[in-house]
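Chemist: Kindly produce the complete structure, drawing on both the sequences and the hints.
Line by line, the protein sequences give chains C and W.
The opening residue of the first sequence carries number 1 in my numbering; numbering runs sequentially from there.
The opening residue of the second sequence carries number 180 in my numbering; numbering runs sequentially from there.
Think of the hints as simulated: they come from the structure by calculation, not from any bench.
Computed Cβ-Cβ distance ranges for the label pairs, DEER-style: (1) C/Arg165 - W/Glu187: 16 to 22 Å; (2) C/Ser155 - W/Ala216: 36 to 42 Å; (3) W/Gln213 - C/Arg78: 22 to 28 Å.
20 Å max Cα-Cα, derived PhoX-like pairs, lysine-lysine: (4) C/Lys17 - W/Lys210; (5) C/Lys150 - C/Lys52; (6) C/Lys47 - C/Lys150; (7) C/Lys47 - W/Lys221; (8) C/Lys150 - C/Lys43; (9) W/Lys210 - C/Lys30; (10) C/Lys52 - W/Lys221; (11) C/Lys153 - C/Lys43; (12) W/Lys223 - C/Lys52.
Backbone N, C-alpha and C fix where the C-beta goes; we use that ideal spot for every residue, glycine too.
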Amino acid sequence: MPQSHRELDVFLASVEKRAFRMAEIATGNKDEALDILQDAMFKLAEKYADRKVEEWGPLFTTILQSRIRDWYRRNKVRNKFRSWFSNKDEEQDDPIQQAEDEKARTPEQLLQSGRRVDELGFAIHALPLRQQQAFLLRMWEGYSVEETAKAMKCSAGSVKTHYSRAVHTLRDKLEDHWE
Amino acid sequence: MAKYNENELSENISRELDDSLDALDANTLSKIRQVRARAVDKAKTSRTNWSINQPGLLFGGLATVCVMVLAVVLLINAPTSIQVVPVDDIELISSSDNLELFEDLEFYEWLEEDGLQS
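Modeler: What follows is the structure, given as structure tokens:
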């Protein structure tokens, strides 16, 4: 394997788990998160493999955040179409649809059950996407406001607002989380 | 009043998210590694394609330039197939009276000879 390919492999290995986790928190689904991770890695490999190693980090973050945003938009449109075309009368008559799902849990129930890691993931997942992105990039990745703004393709002011709101919400939600 | 200040909250969340990376199951980790391997393969392929195409592009470009130069040279040196017609001949062809003159040329010759004799 040539040096640059080895470097790319090492770089991707260093970011893959975090990237996957971010995508998983955003989508709430492992398969979707893997798809997003794959798209982001492929794009970096195809388009930016020739760039300097130091540039890969910010580039990969920007690509990943764009992919997450694209997924979010697509999902929103898909859900809208589903709600337009779904026949509510049929659903009401269908006994299978009417049957109680024993496994279904409310967000509150979800928050109380399972591992603490899942609770935290759920709390962050419940944030609006932009708040999620600003919070994870600033707090977890340790990006500056400017770097976060660049990755999110928005202004520094927006990043500050999103981050502040996210901190406020999480502080309230996770008040008893670490007891 | 909130229990945690911003720094405490950030540290706690950051630590817990880091822990969650170690808790990823083997199946997910395997899939992530497969994705990475495919991405590195992509980088190799895209670079290989470029290195394969580079001489191809060079020869293709050279061939195109040669053909264009040849075409220009041939165009300049080619014999013109349309002959330049003198202005007198154009007048001769375009005039209908003159055509009649040529049709009755024998008559005019006879008239001229006869007129001169008489």
